[in-house]
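Novice: Spelled out, the chains give:
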Amino acid sequence: MNRRSHGLRAWIIQRLSAIYMAAYLVYFVIHVLMNPPQSYHDWHGWLSGPVVSIGTALFFIALLVHAWVGVRDVIMDYVKPLALRFSLLSLLGLILLACGLWVLRILIQVSQ
Amino acid sequence: MTQKNRRPVFLDLTRIHLPVTAVLSITHRLSGLVLFLLIPLLVYLFDLSLSSQQGYDRVVVVFDHWAARLALVILLWGFFHHLLAGIRCLLIDIDIAVKRESSRITAWCVIAGGIAVLFAAAMWLL
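So the sequence lines, in the order shown, correspond to chains A and B. Just so we're aligned: 68 in our numbering is position 68 of the first sequence, and the numbers increase by one with no gaps anywhere. Just so we're aligned: 81 in our numbering is position 81 of the second sequence, and the numbers increase by one with no gaps anywhere.
Bound-form chain A, shown alone (with noise of 0.2 Å):
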């Protein structure tokens, strides 16, 4: 990928992200006014469903490469100096990937 189609992949995956999450919410506040988790149990077993799990752990992927999209973007305007830059992006990353490996840790026991 070339320079200028760089900035429009960063684009893109902001703006489907951003929908992808939307549409999930959506889905989540309807299921959860529709049928408020009583117990452990039932919130428990729902998100242990093939189909939940796996929008779950999508939208947390969608949220996760907003969030690197959109605070990338923040500290790139604001942060000149490179060393402090690239500290901070790293940071960004490392943040952003643990929480993602948490996530597909929890989803995983539950489905077990």
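No lab work stands behind these hints: they were computed from the structure. Even glycine gets a Cβ: it sits at the ideal position worked out from N, Cα and C. Keep in mind that a hint or two might mislead.
[Claimed, not checked] A few chain A positions that, by computed beta-carbon distances, are all more than 10 Å from chain B: (1) Tyr-20; (2) Tyr-27; (3) Ile-30; (4) Tyr-40; (5) Val-51; (6) Val-52; (7) Ile-54; (8) Gly-70; (9) Pro-81; (10) Leu-84; (11) Phe-86; (12) Leu-88.
[Stated by the list, open to error] Output of the computed footprint for chain A on chain B, the stretches with three or more beta carbons under 8 Å from beta carbons of chain A: (13) 22-34; (14) 114-126.
Place chain B on chain A using the hints.
Specialist: Only chain B this time, still in chain A's reference frame:
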């Protein structure tokens, strides 16, 4: 020295009047940054709620506390402000409300929508 470089600099922050669209752009970023910082907390609560019956009960107890509810109300405002500002961006992408006047109107709509959510959430949760 060229003429360009001798232009007066006006940086009195108390008197610079940003257009509402600029305020929206900044608050979109600011709310996004706050939401990003809360991701680890969100994942932690998600983990706790699914870990065991005791964990689930603890999350329920946390949200019974007034301070947690107050925080949630403010976060819902931040979230909806970010969401509405994002929808406004998507509309501009498909050439809706691009001109100056209409983009200012939609910017005010986003701010008003966020504050409406703030009040609704406050009445619901507090």
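Novice: Check the non-interface label on Phe-86 of chain A: least C-beta distance to chain B beyond 10 Å or not.
Specialist: holds (19 Å)
Novice: Since Ile-30 of chain A was said not to touch the interface, does its Cβ keep a gap of more than 10 Å from each Cβ of chain B?
Specialist: Label holds. Min Cβ-Cβ 16 Å, cutoff 10 Å.
Novice: How does the coverage statement for the stretch 114-126 of chain B fare against chain A, requiring three or more residues with Cβ below 8 Å from a Cβ of that chain?
Specialist: violated (count 0)
Novice: Leu-88 of chain A: least C-beta distance to chain B exceeds 10 Å?
Specialist: The claim stands: Leu-88 of chain A keeps its Cβ more than 10 Å from every Cβ of chain B (closest is about 12 Å).
Novice: Verify this label for me: Tyr-40 of chain A is non-interface relative to chain B, using a Cβ-Cβ cutoff of 10 Å.
Specialist: Answer for Tyr-40 of chain A: violated, closest chain B Cβ roughly 4 Å.
Novice: The output says Val-51 of chain A does not contact chain B. Does that hold with a beta carbon cutoff of 10 Å?
Specialist: Non-interface label on Val-51 of chain A holds, nearest chain B Cβ at 17 Å vs cutoff 10 Å.
Novice: Verify this for me: three or more residues of the stretch 22-34 of chain B with a beta carbon less than 8 Å from a beta carbon of chain A.
Specialist: holds (count 3)
Novice: Does Pro-81 of chain A sit more than 10 Å from chain B, CB to CB?
Specialist: At about 19 Å from chain B, Pro-81 of chain A clears the 10 Å cut-off, so the statement holds.
Novice: Grab the minimum beta-carbon distance between Tyr-20 of chain A and chain B and tell me whether it stays above 10 Å.
Specialist: About 12 Å separates Tyr-20 of chain A from the closest Cβ of chain B, which puts it past 10 Å; holds.
Novice: Classify the label on Tyr-27 of chain A as holds or violated, using whether its beta-carbon is more than 10 Å from each beta-carbon of chain B.
Specialist: Holds, since 15 Å exceeds 10 Å.
Novice: Taking the shortest Cβ-to-Cβ distance between Ile-54 of chain A and chain B, state whether it exceeds 10 Å.
Specialist: holds (16 Å)
Novice: Is the Cβ of Val-52 of chain A more than 10 Å away from each Cβ in chain B?
Specialist: holds (12 Å)
Figure legend: structure checked against the earlier numbered hints; hints not met, in rising order: 4, 8, 14.
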